[in-house]
Amino acid sequence: MNDMTAMDKTMEQQKTKIAAKGVDVHYGEAHAIKDVNVEIEDKTVTAFIGPSGCGKSTFLRCLNRMNDTIDICKVTGDILLDGEDIYDKRVDPVQLRAKVGMVFQKPNPFPKSIYDNVAYGPRIHGLAKNKAELDEIVEKSLRRGAIWDEVKDRLDKPGTGLSGGQQQRLCIARAVATEPEVLLMDEPCSALDPIATAQVEELIDELRSRYSVVIVTHSMQQAARVSQKTAFFHLGNLVEFGPTGQIFTNPEDPRTESYITGRIG
Amino acid sequence: MPLLWLVLILLALSVAGFFLGRQRALASAGGNSKDLHSLPSYYGHNVALTGLVPALGVLAIWLLAQPLFIESRVSSLIPEEAIPESSTLGLVMSDVRRVAEGLDLAVSEGVMTPEQARNMRSEFSDVRGRLGEIGVALGSDVRPEVLNAAQSYRNLSNTGTTAMIFVVALIAAVGFAYSYSKTHKDFRARNVVEQGIMALLILAASLAILTTIGIVLSMFFETINFFSLHSWTDFFFGGTWAPNFRGDSELSILPLLWGTLYISVIALLVAVPIGLFAAIYLSEYANNAVRSFAKPLLEILAGIPTIVYGLFALLTVGPALVRFFGQGENGILGVEWMSGATSVLTAGVVMGIMLIPFVSSLSDDIINAVPQAMRDGSLGLGATKSETIRQVVMPAALPGIVGAVLLAASRAIGETMIVVMGAGAIAKFSANPLESMTTITTRIVSQLTGDTDFASPETLVAFALGLTLFVLTLGLNVLALAIVRKYREQYD
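Residue numbers (the working numbering), protein chains in the order written: chain A, 88 to 352; chain B, 128 to 619.
These are computed hints drawn from the structure, not numbers from a lab.
Backbone N, C-alpha and C fix where the C-beta goes; we use that ideal spot for every residue, glycine too.
Mixed in with the good hints there might be a few duds.
[What the hints assert, rightly or not] Taking lysine-lysine and the DSBU-like style, the derived pairs with C-alpha atoms no more than 35 Å apart in a straight line are: (1) A:Lys121 / B:Lys512; (2) A:Lys161 / B:Lys422; (3) A:Lys193 / B:Lys555; (4) A:Lys227 / A:Lys244; (5) A:Lys244 / A:Lys216; (6) B:Lys422 / A:Lys193.
[Claimed, not checked] Facing chain A, a subset of chain B residues (Cβ under 8 Å, in silico): (7) Gly256; (8) Gly259; (9) Val263; (10) Leu508; (11) Ala523.
Whole structure, please, built from the sequences with the hints as guidance.
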């Protein structure tokens, strides 16, 4: 296992990027998230693990207010981004989402050209003054998405024509293009084959140098491989949160141990 | 009457066949239904259907073919000189049928014996008077040829009916006997019944297709008749629509086509933006409460008969437009551009209102078919709702929406009632939307319901117009379907 490599990673202390305090989420009658407190650090990969339906994706979607698009979903508690409450009335969710980008479970490129997919965010936020600047942003983003070499000759071809792994890296490049500060990834590799997964994991490790990355995953090996911090969710509760190495080798809570050793979940 | 009895007897036989077949199958397996190849009821159905279906099929064909056969036999009995100056063979034949039916009625009421009816001679008795007594009114005295023909008509149809009953009963009996004798525990009844059901479904599907072909062919042959009487260059390339009774009518489709397309374009200009925006609101913005009452409400609009829209055009929209664009000093704009309530604009606007629910419900389905992942992707990048709709949802849904618009266009082109009441009846080329114009559909109605001779080009032109309209809407539908199909391939 790769547990030891994760623990060996330098664990220098980073400043807190997102702080959640007493967060509860209700879907109508259902209580999906129960009093979650967590501090997510800058320039760190944080993994959320846990069995299906434990609320880890729901909590992830709270961090950029994607749950606002669901009518019956109600979020209470405080989530602070750089010390500012993102659920404050004065905060515009649209601006927030530009700062907190998101990559989804299934690759979802728009039915547009590869270039337009990446240029989408910069265009709506007015990040480029002219075509040359936009070209530059697109190239830089595709390079950061580790897909530039594969698509540079066919930027005008539809993004939907790429393979699954390429589509997902295109989506990561698209998210990176808006210059976010935090990147949320909701099971980004669950629809990919092992080779594409390895490419995306390598990419996540590179992204850590610039962004705070939060990744939801079903694969414990993946969490151990890519993350420095791990949070274990169970039935809507945050059971345990700590350095990845510690969670996987020496968990404090018996539920965490049962899950990691395969007895629950 | 014997026909009804025949069918009832066949049905009763097939019910009996069902139980007998099931019985025999069970008996062959010694009462243990597990030893049978199929469920016991399949054996019953096999016997019932094998007896019933071929018999009913022959009965149906016989009933269709017998009148045609008798007609041709009897009409050859009527000599050329027996047809009066002002009449035709068809009219004489309808006299023959009336006399034959009158004789049938007289026999069944007991006024005449069958022998009297068969041997009656118009030279010796007053046929018209005697039939008049039982309520069969004839226009003139019955001439000997007609009476002769009527009597042989009766003879033939009596013989035919007897033969039919015999043949049908024979086929049913053979069918029952054959399938009953085949019923055995190893017989694969389920497979036979399965094939029978498939045959039934194929029959239904081919009837629908054959009817379509029949409609097209009937129009096609009349259209050929029309073009043999009238030059096709005038029809397709002439500039005037002016039917008259003198025989030198100018029958050109172009002014009508212009009116049709002009009104349709106005209707689409009304229906497409309103319908599309309504669909976007309903599928993207409205919450469940609004959606649950607004959508059915919009669809009620689709259930209103077009004649009611026609009344709306004639009584409300037309006069309102006149108050706006007409009446000189008394009008709202103080202009004198519009004199009557019927105009291209009136019909177009009302037709547009009619098409709103059509466009909106089709577009709504298409917008809902765009995967939520597309919206999430865009919202997750910090796009607003309307940016998401404009730049992601609409481009993804566009081919489907174009398909919906083309379907709406072919409905607009085929619409009749609103145009009759809202657009007027003057065929002309004009770009002024406040003038009366007319369309292909309304001209078809007026040419066919007029009192000109059916064989004249003025009437037959209706078929040429109808066929052109058919080709036009078929083309639009094919185009729409092709676009929708292309759209479907984009996801999945």
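Now for the hints, and whether the structure bears them out:
1. A:Lys121 / B:Lys512: holds, 30 Å
2. A:Lys161 / B:Lys422: Holds. Lysine 161 of chain A to lysine 422 of chain B sits at ~27 Å (cutoff 35 Å).
3. A:Lys193 / B:Lys555: violated, 58 Å
4. A:Lys227 / A:Lys244: Status holds; Cα separation ~18 Å.
5. A:Lys244 / A:Lys216: holds, 24 Å
6. B:Lys422 / A:Lys193: holds, 31 Å
7. Gly256: violated, 84 Å
8. Gly259: violated, 79 Å
9. Val263: violated, 73 Å
10. Leu508: Status holds, d = 4 Å.
11. Ala523: Holds - the Cβ of alanine 523 of chain B comes within 8 Å of chain A, reaching about 5 Å at its closest.
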